[in-house]
Amino acid sequence: MTLAVFLPFLLAALCAWLGPRLGRRTGYVAALAFVPALLLALPLAGMPGALPALEVTRWVPTLGLALAFRGDGFSLLFATLIGVIGALASLYSVAYLSPHERFGRFYAYLLLFGGSMLGLVLSDNLIALFGFWEMTSVTSFLLIGLWHTRSAARDGAVKAFLVSALGGLGLLAAVAMIGLAGGSTTLSGLDVEALRASPLFTPALLLTLLAAFTKSAQLPFHLWLPTAMEAPTPVSAFLHSATMVKAGVLLVAKFGLLFGTSPLWSGIIVPVGLATLVWGAWIALRQTDLKALLAYSTVSQLGLLMSLYGLADAEGRFAATAHLLNHAAFKAALFFVVGIIDHETGTRELPRLGGLRKALPVTFAVALLAALSMAGVPPLGGFISKELFYEAMLHQGPLFIGVAVAGSALTFAYSFRLLRVFWGPPRSPPGADPHEAPPGLTGPAALLALAALTFGVWPGGAEALTRTAQNALDFAAYPGHLSLWHGVTPALLATFVTWGLGAALIAQSARVSTLGRRLTPRLNANTVYYALTEGVNVLSSRLIARTQGLALPDQLRIMLGAAALIAGYGVWRSPQVFHAIGPLPLALLPIAALLVAGALGVLLARSRLTAVVAVGLTGFGSAAAFLGLRAPDLALTQLLVEAVTVILFLLVFRSLPRSRDLPRTRWRYGVDLLLAASAGVGATLLVLAGVRFLAPPISPYYLANSYELGGGRNVVNVLLVDFRGFDTLGEITVVGMVALAVLGLVRVGKKGRAPGEAGPAPAPSTPPGTTRPKEKEEA
Amino acid sequence: METLFALLIGLLIGTGVFLLLSRVIVRVVLGLSFITYGGNLAILTVAGLREDAPPLLTLRGPYVDPLPQALILTAIVIGFATTALLLTVALRAYQVAGHDDVEAFGDSLARDPEAEDGLIADPEHQGPDRPDPEEPRTLVYSARPPGGDPS
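Heads up: the sequence lines are chains L and P, in that order. For the first sequence, the positions run 139 to 917 when this note's numbering is used. For the second sequence, the positions run 1461 to 1611 when this note's numbering is used.
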């Protein structure tokens, strides 16, 4: 299993490299990546309800992180599904893609996605499961945005990503809560009783549902799926019919075993699923783009699956698993068919197509089988699973079966609408000469259509396949069977009603579309989505304009104010621990006086020179303090630096204007005083709270080893040169870079200045050719 | 002793911040110097001020903590480098702008002078790309992949 998950990742790198070299044939290599996933089906063939196999690769054991893959019947079934559709999509795209496509990228993304998906379904570790979940979001973003030069593809990719990332965050929180409450990070090791008793149970349940609904495009998160159809058609078949969108269904199926006891679980999922079923089908019926029709049909079918798994009983799980297989077969086949039609005629528009039966006989046969299965017509797989769906809904009550019939009638209608392109007078856009597609395109589609047929005419086989998941999903005791004929049951009657309604919908299609146009609500999910994203944009633009468009001191004020607030909150909340208020050393008092004098001097200074003298005073004061505090090296350095600084100031002052008063406005003055005071008080408190913070642990080592290891008796020097040599190297580098920068600035300045260096304030203009910083104000 | 120095550090840093917010560019530089002084003394004080011998092994112990001293030594030099750089920048700014009023330097980064409402921060980023206006938002009728016919 580990191999099955990681081979696609490995081959993705290989395909990225092979793509530009092998061209479209890279697809054959890509298909190979799914072979181990297909081999996972072998244990399924042998045993109904396959025994779970566990493979664990330890990763970060202290955090409970492991790559644990658990092959129970359901996971293996799902993995096989991914393997089959993934391999077929790879082969199909060999014939489908244009020769100018960037194959390396395409196949690499496809395999990355396939690998993430396999990891997701097989993962037993919750954290790894979340990781793979997010990887499917990222890789599907890449796949949807493959043709990134189109704005629609970018829009679709961003939308899909934003929506599923929202759910991903929900899943992260849910996984954390489940892990905490259940006492384990593995799905199979969870203490279910503890989880159910925990107060975290309900929040975890709701967040899991958020994740499942966003990923599986349930109302109101369905908006991303139709736009995600901007991806190339083989990708759509893979991502959006068989795998990615079913991740949410998988989550509901697996976690239903944990959460299903809560009435909240079914109470939310079933109505949402049924609403999605009807709404998706209703919109699908009105689409004219074949691919959009399929997209909304997928939304609708996912609603059906959700509602069945959401019932959280054996009957629902049995029916849902059967339909899961059917749906994957017929939907992928239909996507392939639409790809063929697009490929042969150059359009996917329903009104522009007709009579393709003669030109594309094989495609027609495939489409017929798949669409009839979708419509729920015997003897196809879709019919059987729909009967089970009706059975399950009949047990829920009259309202449920009513909604189910309505949704299925719409499904019936749009399935036939899809087939309409094959009937009537031959019609295709001018210039197109539709003829049968090459076997590379029809082959994969035909295989899937045959599967849909097999599920119907050989229900025993389909049932055996469905039953492989019975232990994993806890429906082993369910006595139901898959068969075409159950006798005249209420479900069969409901099916007849469905057909009647569906036929009526087809017959009245003109009225339906007018009604649809009239019923289209102004406020839909897309409107909300665009309003939200635009709102965020405008808000951030405004915020930037307000906060960063200010003059420098004002920006500083905002930053310092924020810092003061945060630090103040911290001081207010923290226990007041102040250390060591030692005796007042009289010897240091003159030094303190020097520092105070310097600070007051600079604040009160009228002239520039006085200010510099005051700073010097403080500098020499702190040098004296260093001397008094047993730090002779520091005192020496400070003295030297102080002298050089004063010289530097005096040098610069020659070229700066005479000091003048630039008054601050009154409120600014007040704010500045407040900020300065809070900074001062904050610093005092910080020092008081932190005294002896750097106490012994490291320093004795230096004192003890300075002579032996560094060969010096001045410990500070040895520290700088030997123990912390790289720090000092960094420091020297900084000083060197500053020297270069100063040199550069001064030299540009010389060139830029008017002749006569010592003259009065220089002209603000610079001659051409000098690199002069951009500055708008020329006061 | 620590309390005295804590108060002194507060005074130095407060003064530094007040100068930093001033309009005259030289005062901003002086403010940074004050903050440097305050910071250096803070490192020393936080490590504990003791009456032991300086960390020179030629003297008799116990010694004061050498580590903060080493840190401060680096800090002093870096502080000097910062002051030097800022002074030069101040000089240069004055030469280019013709004045030394920090508040009037403004900020040309955030505002796009061409934007009419002054709200768009960066003309390159005006929000998510939407489908082109001719196309409806949910459906796109382009049939073939770009870049020629698939065969």
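Take these hints with a grain of salt, some might be off.
[As the list claims (entries may be wrong)] FRET-style restraints, in silico, Cβ to Cβ:
| id | chain 1 | residue 1 | chain 2 | residue 2 | range |
| --- | --- | --- | --- | --- | --- |
| 1 | L | 865 | P | 1520 | 48 to 56 Å |
| 2 | L | 742 | P | 1520 | 43 to 51 Å |
| 3 | L | 882 | P | 1520 | 33 to 41 Å |
| 4 | L | 882 | P | 1538 | 13 to 21 Å |
| 5 | P | 1538 | L | 842 | 42 to 50 Å |
Since the hints were made in silico from the structure, they are not lab data. We treat Cβ as the ideally placed atom computed from N, Cα and C, and that holds for glycine.
These are the hints, each one checked on the structure:
1. L/865 with P/1520: 48 to 56 Å: violated (29 Å)
2. L/742 with P/1520: 43 to 51 Å: holds (45 Å)
3. L/882 with P/1520: 33 to 41 Å: violated (50 Å)
4. L/882 with P/1538: 13 to 21 Å: Distance hint for residue 882 of chain L, residue 1538 of chain P holds at roughly 19 Å.
5. P/1538 with L/842: 42 to 50 Å: violated (29 Å)
Hints 1, 3 and 5 from the earlier list are contradicted by this structure; the remaining hints agree with it.
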